[in-house]
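Asker: Please put together the full structure from these sequences, using the hints given.
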Amino acid sequence: MKKIRMICVDLDGTLLADDHHTIPPRNLAAIRRAAEAGIAVVPATGRILARVPREVRQVPQLQYAIVINGAEVVDLEKGTLLYTAYLPQETVLRILERVAPLGLMPEIYWNDHMLIQAQDLKRLQETEVERDHLEHLLYREQPVDDLVQ
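Residues 1013 to 1161 (the numbering used here) are what the sequence shown spells out, left to right.
Treat the hints with caution; some may be incorrect.
Across the chosen pairs, the derived CB separations fall in these ranges [claimed, not checked]:
{"hint": "1", "residue 1": "M1013", "residue 2": "V1111", "range": "39 to 47 Å"}
{"hint": "2", "residue 1": "I1051", "residue 2": "K1090", "range": "34 to 42 Å"}
{"hint": "3", "residue 1": "L1108", "residue 2": "G1058", "range": "16 to 24 Å"}
{"hint": "4", "residue 1": "A1083", "residue 2": "I1051", "range": "22 to 30 Å"}
{"hint": "5", "residue 1": "G1050", "residue 2": "Y1151", "range": "15 to 23 Å"}
{"hint": "6", "residue 1": "L1146", "residue 2": "E1048", "range": "34 to 42 Å"}
{"hint": "7", "residue 1": "E1048", "residue 2": "Q1131", "range": "45 to 53 Å"}
{"hint": "8", "residue 1": "K1134", "residue 2": "K1090", "range": "32 to 40 Å"}
{"hint": "9", "residue 1": "Q1075", "residue 2": "D1144", "range": "23 to 31 Å"}
What the hints contain is simulated information worked out from the structure, not anything from laboratory work. The model shown is predicted, which means the values in this text are computed figures rather than measured ones. We treat Cβ as the ideally placed atom computed from N, Cα and C, and that holds for glycine.
Answerer: Okay, structure coming up:
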């Protein structure tokens, strides 16, 4: 049987407590045991790096993170990108064109920011979206008039 070399773990509902910020002591202990056994533990999330809680980024045994649903692999210690897999601009524009009639509220992740149209942000406030996500958009991001421009 081959030795386990890496464990990728989701944040919300898995690594983090219900507050979506803190790591329960039991999970921290598991990370330490894995590191002692030579196993890399890598958080994997749909979030941008700026939304990965500081508590996660500061765990010394967590050297890497997979963010933006796999579009970036980050070295947490050095703060550098190790890998990117961004969609080409033409693809993004085609997607935005196709979803426009559906009344969705698309977001574009760019340069560790979340871009959302002002009208969609206003609509998003009336939904059941995770409050932490909404607060990030409201207080840390600047809505744009049009995602296509």
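Asker: Determine whether the Cβ-Cβ distance between Q1075 and D1144 falls within the hinted range of 23 to 31 Å.
Answerer: 25 Å, holds
Asker: Is it true that L1146 and E1048 lie within 34 to 42 Å of each other by Cβ?
Answerer: 39 Å, holds
Asker: Quick check on a hinted range of 15 to 23 Å for G1050 and Y1151, using CB atoms only.
Answerer: 40 Å, violated
Asker: Does the Cβ-Cβ separation between I1051 and K1090 fall within 34 to 42 Å?
Answerer: 21 Å, violated
Asker: Go ahead and decide if the range 22 to 30 Å is satisfied by the Cβ distance of A1083 to I1051.
Answerer: Given about 24 Å between the Cβ atoms, the range holds.
Asker: Hint says 39 to 47 Å; check whether the CB-CB distance for M1013 and V1111 agrees.
Answerer: 45 Å, holds
Asker: Can the suggested window of 45 to 53 Å be confirmed for the beta-carbon pair E1048 and Q1131?
Answerer: 51 Å, holds
Asker: Could you check the hint for me, namely that K1134 and K1090 are 32 to 40 Å apart, CB to CB?
Answerer: 38 Å, holds
Asker: If you check the beta carbons of L1108 and G1058, does the distance land in 16 to 24 Å?
Answerer: 18 Å, holds
The structure is inconsistent with the numbered hints 2, 5, although it conforms to all the rest.
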